[in-house]
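Spelled out, the chains give:
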Amino acid sequence: MSAEQSDEELLVKGGAQGFGLLYQRRYPLVRGYLRRRVGPRPDLVLDLVAETFARALERREQFDPQRGSAISWLLGIAHHVLVDAARRGRVADESRRRLGMERVLVEDAQLELIERTSESDLQRALAELPIEQRQAIEGRVLEEQPYAAIATQIGRSEQVVRKRVSRGLAALRRSIKESA
Amino acid sequence: MTDPYSFLGESLTAAARRRRHNGDGAPRSVRAWLARRLNAAVIAVALVLGGGAIAVAATGLLNGSPVKDPAGTPTPTSGSGVPVAAGGSQLAAITADPEGGLPWAIQLVHTTRGELCVQIGRVHDGQIGQLGIDGAFHDDGRFHPLSPDVLPEYGGGYADISCVLPGETLMGSQPTQDRNAEWMVGPRKAKPARDLRAISFGVLGPHAVSVSYRTSTGAGTRTVPVSRGTGAYMIVQPIGPVVPPIVLGGFSGGFISGDEVSGEPGPERFDMVRTVTFRFGALVCSIGSIPPGAKRCPTPPPPPQSAFGPPTRSLHLPVRVKAVAQSQAKCRAAFLLIPCYRAEVEFKAPYAITSAGSEYEVEAGSTCKNARPSGWSLNEDVARGQTVRTVSSGLFNCTSIDEFQVRYMNASRRFAGSSTGHGHESVIIGAGFIGKPARGESLPLVHPVHVVRARPRRH
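In the order they appear, the protein sequences are chains U and Z. Position one of the first sequence corresponds to residue 1 (this note's numbering), numbered consecutively onward. Position one of the second sequence corresponds to residue 1001 (this note's numbering), numbered consecutively onward.
Treat the hints with care, since some could be wrong.
[Stated by the list, open to error] Below, a sample of chain U positions facing chain Z; criterion: calculated Cβ distance under 8 Å:
| no. | residue |
| --- | --- |
| 1 | Y23 |
| 2 | V83 |
| 3 | M101 |
[Said to hold, decoys possible] Pairwise CB distance ranges, derived in the manner of DEER restraints:
| no. | chain 1 | residue 1 | chain 2 | residue 2 | range |
| --- | --- | --- | --- | --- | --- |
| 4 | Z | L1317 | U | R167 | 35 to 41 Å |
| 5 | Z | A1383 | U | G15 | 57 to 63 Å |
| 6 | Z | P1291 | U | S157 | 44 to 50 Å |
| 7 | U | V160 | Z | P1291 | 37 to 43 Å |
| 8 | U | R167 | Z | L1062 | 49 to 55 Å |
| 9 | Z | P1292 | U | R156 | 24 to 30 Å |
| 10 | Z | S1327 | U | G15 | 25 to 31 Å |
| 11 | Z | G1229 | U | S166 | 40 to 46 Å |
| 12 | U | S6 | Z | G1293 | 46 to 52 Å |
| 13 | Z | H1316 | U | R37 | 19 to 25 Å |
| 14 | Z | R1389 | U | R167 | 38 to 44 Å |
| 15 | U | S6 | Z | L1062 | 19 to 25 Å |
| 16 | U | R156 | Z | P1298 | 36 to 42 Å |
[Said to hold, decoys possible] In silico negatives: residues of chain Z with every beta carbon more than 10 Å from chain U:
| no. | residue |
| --- | --- |
| 17 | L1012 |
| 18 | V1084 |
| 19 | P1238 |
| 20 | D1381 |
Treat the hints as calculated values from the structure; they're not laboratory data. Note that the Cβ used here is the ideal one computed from N, Cα and C, for glycine as well.
Here chain Z stands alone, though its shape is the one from the complex:
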């Protein structure tokens, strides 16, 4: 019996070899980073600002090219959607930089799929953006506006961006943020600690009152109010003299239902924020490290054992599945035996999908010994009663006893106690089994599968 962790290691190594073979060594973010730099290179006039010049940069600062994201091709009806047309973004939690110069802020962006996305940056003339210093934008010294439609997905272990659904809360931290506010960059030149910042930011909802955080000097804690209406906050500190106040960074999340608050500030090594205080009518309460005399907010009941598991109830609706033989070249490119297949799944949607809070997904089960089909999700809007056809992104080898289970997953139902809770419970729509396909037989694809989290598009 092979240890699955050894199998996983072999699978990862093989995937790493394939990436190298396919020239995928430079991932999208790095390509975007390079493209941004190339874009900046066309700016004829370069104002090289030294560290001392930043303090006066708030006046007379020239605007450079907008920050672009050439990799994204999002649509209003998939992924996070795009910013809503009017009043879709607002600056919040404007915070001074410890060195002076342009303040920091977070920009809240409402999207067509019901999410609230967070951007961080520095503020100039009422716009949020990034600075051409410390290696960014060829050190052109300019301010590069960040449009609401440039929403990077979060970059692995680093905190840079995230989106939340109504009722959800988000707390993020970055222990060594570049003062140019740039995110998702590739390997950088080493910078002295004085040119970096420890930042924490988040969105805690309309009931949030304040956050208390540990100062980077170790002098104790400080409490600051959050933005009214949104609960947005941003804390910017210099890196501490010995060690950063936080060493890891990351996100923690939760949700609010009625006066119950789920989630806590991250462990100390994740986040400098230690306490968050809320007001629900006459009730003032806190989460995190509770000060003497303060009340802890009520918490919702713990999630059931099945919280991470798939739904168990099935509607037993029909699901049609076909295996479509792929070309020999595609099989070889995927290092698979010939023949290899993709699965095409068709079902009639019993529920509409109108926001990022719910989705249909296909879970593939197989007894194949070689490559197996995997699961995938349709992260896009679907009309009730619509016939949905979708194809697997992965290829597989055998077609004997493969089950494809279609599920409706609804995250919004977790907030049933709040005004945002809506929709149906997560449920199995039905299951289909694959049969031996006729060579070349294929269903038309009307809904390509989006496996990459889409980003909003510029209007």
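Excised from the complex, chain U in its bound form:
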């Protein structure tokens, strides 16, 4: 199993080991996505991340690379899990139960440590990026601004912003993977 395989290859052809690798590669981004939306609630974020990946595992055969990237698909699932949690007042765990997964129980002190570490990991990785890539990622991924709005802010074309986001995300992924 090569770490150089794309997310899409890991998801479609990677088997159990490939899915584990995809999780290791992508959970920081999914966690960050959810954390931005629910705030400093590490217990809630852990629950949401767990159900997101369990649901992805259950439905991995539905993934269609033609419809978008694996990370887009994962974030779409995360979005659904979050909306569902807000509606029901609790994080669904149906997928985890169907898969027979154990519930992850952690202590408050451990959760606080994760919260501090994950935030600092992301901040550190972002800080290491060239400033133009950092601005593009913060605007697009974390603040969800349209490409056009970011382009206007920095006085560059949308195409340039897209390239910066793409390169910055690739660099972030390498950085977080190396520090793991």
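Please build the complex by placing chain Z on the supplied structure of chain U, with the hints as guidance.
Below, chain Z without anything else, positioned relative to chain U:
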């Protein structure tokens, strides 16, 4: 101290291995997809339509077999229920296809458990359905009606279907929808962008007036009225020349209480819809990207810190719990040490459950180091005063200090300001603790646990 995210990764990998070992590689949706194709294969006459033929398909189009969902065995009293017997469905928001041919629409289905479910498809002779083109139904060129009882649950990251409770709103999008209107398919053949559509659809309630969306050509925004009475809308656009107008797709939701509107259109990468306009009496207001001079709709107060948390008030009612030893084969199949157990929980329901807006759930807490019991919900109707017995779907190993807390959860209470708000606040019913069971001892199961969202059944 083990990092819980590492533990989670190991747990996921183990679950993936178990799925492979158990032959669960092809999930239900793919099996359904295969079954649909097998079903279509029995049609003797195949009309193979090329892309150009679709434009004239509105006339002389033959009906094929109905779209079926062999996986679903729903009941009127669990999950989303089944379509109500009379007047349970209606077509809304009929929209032309950019290429011509059969228009698109959404079908709204009212269910016995009080939900409004949304189907998308193409319309022929007043029916909604899917087309046998682009690889669907063996390219038989026929129209395959979609019955109101075929309600797929949403498929992961893709937008295809969802149900809402009264007072809730739903906005969905799919950036690369097959023009055959088929959903929840497995891996597909690559298709050119001209054979795909960018769609957005939703249900915004009776106060909605219009939606404004970004066009896929980048030419600006366009405003269209929504269906009167339901607030349903559907937008169908060709894929843009360079990139789709949306890249992700998904759902966003909210609710309306009085003249307060909760929720916004999704971020731009989720949805092409940018603004929704409502009318509440003399007040005309919008959510999303507010045009100059327009008013923003009032929003309800932000949810409290406990919005995602469990209820804290307890009724302290009795809850009985037993651990039932499972066979060695079941323990081994679940990769657990022997002995292993399931939990059986019994309580008397203080409140009735009559819709999908509320439910009882059991939350299991444990200090087991190995497999632990988990929580589960009883997504079904319950009479007030009924003795409820339910069993855990998960197995676990130790029985020393396991707490099983029964909760009553009511989503409808969030709409207390609207006419749909009803029922009691979410509350803890009580808690029971497990004891060492007698081997083979078991309570009779009168209410199997439904962990899979049930789907309506054909009448």
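Against the structure, the hints come out as follows:
no.: 1; hint: Y23; result: 5 Å, holds
no.: 2; hint: V83; result: 5 Å, holds
no.: 3; hint: M101; result: 5 Å, holds
no.: 4; hint: Z:L1317 to U:R167: 35 to 41 Å; result: 59 Å, violated
no.: 5; hint: Z:A1383 to U:G15: 57 to 63 Å; result: 47 Å, violated
no.: 6; hint: Z:P1291 to U:S157: 44 to 50 Å; result: 26 Å, violated
no.: 7; hint: U:V160 to Z:P1291: 37 to 43 Å; result: 29 Å, violated
no.: 8; hint: U:R167 to Z:L1062: 49 to 55 Å; result: 52 Å, holds
no.: 9; hint: Z:P1292 to U:R156: 24 to 30 Å; result: 26 Å, holds
no.: 10; hint: Z:S1327 to U:G15: 25 to 31 Å; result: 29 Å, holds
no.: 11; hint: Z:G1229 to U:S166: 40 to 46 Å; result: 45 Å, holds
no.: 12; hint: U:S6 to Z:G1293: 46 to 52 Å; result: 48 Å, holds
no.: 13; hint: Z:H1316 to U:R37: 19 to 25 Å; result: 35 Å, violated
no.: 14; hint: Z:R1389 to U:R167: 38 to 44 Å; result: 58 Å, violated
no.: 15; hint: U:S6 to Z:L1062: 19 to 25 Å; result: 42 Å, violated
no.: 16; hint: U:R156 to Z:P1298: 36 to 42 Å; result: 38 Å, holds
no.: 17; hint: L1012; result: 5 Å, violated
no.: 18; hint: V1084; result: 22 Å, holds
no.: 19; hint: P1238; result: 16 Å, holds
no.: 20; hint: D1381; result: 17 Å, holds
Violated hints for the displayed structure, listed by number in ascending order: 4, 5, 6, 7, 13, 14, 15, 17.
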